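Chains as they are written, first to last, in this note's numbering: chain D, -12 to 496; chain P, 522 to 616.
Please keep in mind that the hints were generated in silico from the structure rather than gathered at the bench.
A few of these clues could be false.
[Unchecked claim] Listed next, the stretches of chain P that the computed footprint assigns to chain D, with coverage defined by at least 3 CB atoms under 8 Å from CB atoms of chain D:
#1 573 to 586
#2 593 to 606
[To be verified] If the Cβ cut is set under 7 Å, some of the chain P residues that face chain D in the computed set are:
#3 SER523
#4 ARG537
#5 VAL549
#6 GLY553
#7 ALA554
#8 VAL559
#9 VAL570
#10 PHE609
#11 ILE614
#12 ILE615
In this text, all values refer to a predicted model and were calculated from it rather than measured experimentally.
Glycine included, C-beta positions come from ideal geometry on N, C-alpha and C.
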Amino acid sequence: MSASNLDPSRLTIAAAAERLRRRELSAGEILEACLARIAATEPRLRAFLTVSGELARSQAREADERLRRGEPRSVLDGIPIALKDVFVTRGVRTTAASRILENFVPPYDATTVARLRERGAVLIGKTNCDEFAMGSSTENSAFGPTRNPWSLDRVPGGSSGGSAVAVAAGQCLGALGTDTGGSIRLPAAYCGVVGLKPTYGRVSRQGIVAYASSLDQVGPFGADVRDAAILLEALAGHDPLDSTSAPLPVPRYQDALRPEADGLRVGVPREYFQEGMQPEVESGVREAIAVLESLGAAVEMVSLPHTPYAVAAYYLVATAEASSNLARYDGIRYGRRAAAKTLLETYRRSREQGFGAEVKRRIMLGTYALSAGYYDAYYVKAQKVRTLIRRDFDRAFEQCDVLVAPTAPTTAFRLGEKTADPLTMYLSDVLTISVNLAGLPGMSIPCGVDGGGLPIGLQLIGKPFGEESLLRAAYAYEQATDWHELRPDPALCAAQGPAGGPGDGGARR
Amino acid sequence: MSIRREDVRYVADLARLELSAAEEEALVAELGAILGYVEKLAELDTEGVPATAHVHDVGTPLRDDVIGNAPNVEALLDNAPERWEGFFRVPKIIE
């Protein structure tokens, strides 16, 4: 497609920035194209909880003024970005997809949001997610599920489902999410976009609605690897307001993007190719590994023997932290308050009415795991197993620079398919969770589609603060293939388009 | 690992959650299933293995002790479900 007639909402961030700089396109035009896509597709997709059109239009006008003067603040100046609704945004409602925060308007910005504002990004809105980021399908939102733009009867993955969908459907050019057990990588895989979960500590968590603080990490979604690198460079760095953010210099991540993989040592963890995985996922990922090898990478099998214990360890550690973090929602200082005569009743009823079923389940599980008599058997045991999982990775990284594996054992599942059984839903994260327990960077990039036209995700896992190796491998692969250019069929998502039934795929090659 | 209805009630009380009878019943089954699943951790010998406290030890950062302004008090109180002048208003806690 020639550049001149391409819908601006379908541009990559890098391409849009170049056209903005050359004044072939204005920030206002890009924003209006995205808002038009939102108007056409939202009735079906429901990726957004809040569209901040007025704020975005004023930011786009300011960006155009700077661009006219030839003084853009950064490559992101004038680029529409969406934020998962767990990033607090000054003056813009922030709900965490929960009734308890339905009317919460934060008085400050998350550090990452402030960094985007400083760089001139246009904040187009807040995206849907599982309530408090607890889920793998975005079905746990108190405000209804988001649908997968490749097939409307499928989930987009979760918890950052809205952000992945918004990028896949051209409702924005890039988006931010958070990843505690796979919440960026899983939706990226299910929606056919690039999602990057940085090393724990690489990006500030200040101003993120906390779920599990030793696991939560902020990261970007982009249409391709370069866009993810651009956003990571904007987000990364030490923040005095987050003492767990690493006081390390931020590399120029775009410099890592080279179209070859010479000398890159790639490990393939055998435990990530398990019984019961969808055959097309396995073959797609194995083909991708062969592509990396043809680009000069040295590929070898490695073992991460404690992988089968990761989900169990995660659901004890994460829920324990959640039960503590969510104690703050007491109906006193902000958020929903239920009518009650005593203070204790106020707490109990506000939380009863404000939290959804999955949030209550995790608070209960976490409280149980921390309670007297069970703390050592559950919480401490899980933290010890976490050490074993970290050691597995340490050993694997003695012989390789990156690991590659599927992001998920299957492509996107159907809405309602796993809601009846919490444990089945938890197991959707079986291939992403270890990375969070070990605090490593991980990424998902598109590497094919299955017979129904649903995207397959290739997961890359790096050493601590090894995002450059991840990006290098991902970019080399992307340059040699064209899966990232595949987009869902716009007619499918449009309000007037055909209804999404089983087997409805996106645009095929 | 089986969990009883009174365990669910006890934990709900610790967590300051009011639960309906139906919710209690569902949680007995769901927590039982999840706790049954996590039992698999007991298969691993973790004798002498330290519990993870922090995934990357980057030390304890210290900053200078500088006086600054907290976020705007009015903006904070604007989010209160009930306020009275410069205070959060709560139900009476002392008779």
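Here is what the structure says about each hint:
{"no.": "1", "hint": "573 to 586", "verdict": "holds (count 9)"}
{"no.": "2", "hint": "593 to 606", "verdict": "holds (count 8)"}
{"no.": "3", "hint": "SER523", "verdict": "13 Å, violated"}
{"no.": "4", "hint": "ARG537", "verdict": "4 Å, holds"}
{"no.": "5", "hint": "VAL549", "verdict": "10 Å, violated"}
{"no.": "6", "hint": "GLY553", "verdict": "11 Å, violated"}
{"no.": "7", "hint": "ALA554", "verdict": "6 Å, holds"}
{"no.": "8", "hint": "VAL559", "verdict": "4 Å, holds"}
{"no.": "9", "hint": "VAL570", "verdict": "5 Å, holds"}
{"no.": "10", "hint": "PHE609", "verdict": "6 Å, holds"}
{"no.": "11", "hint": "ILE614", "verdict": "5 Å, holds"}
{"no.": "12", "hint": "ILE615", "verdict": "10 Å, violated"}
The structure fails hints 3, 5, 6, 12 (numbered hints given earlier, in ascending order).
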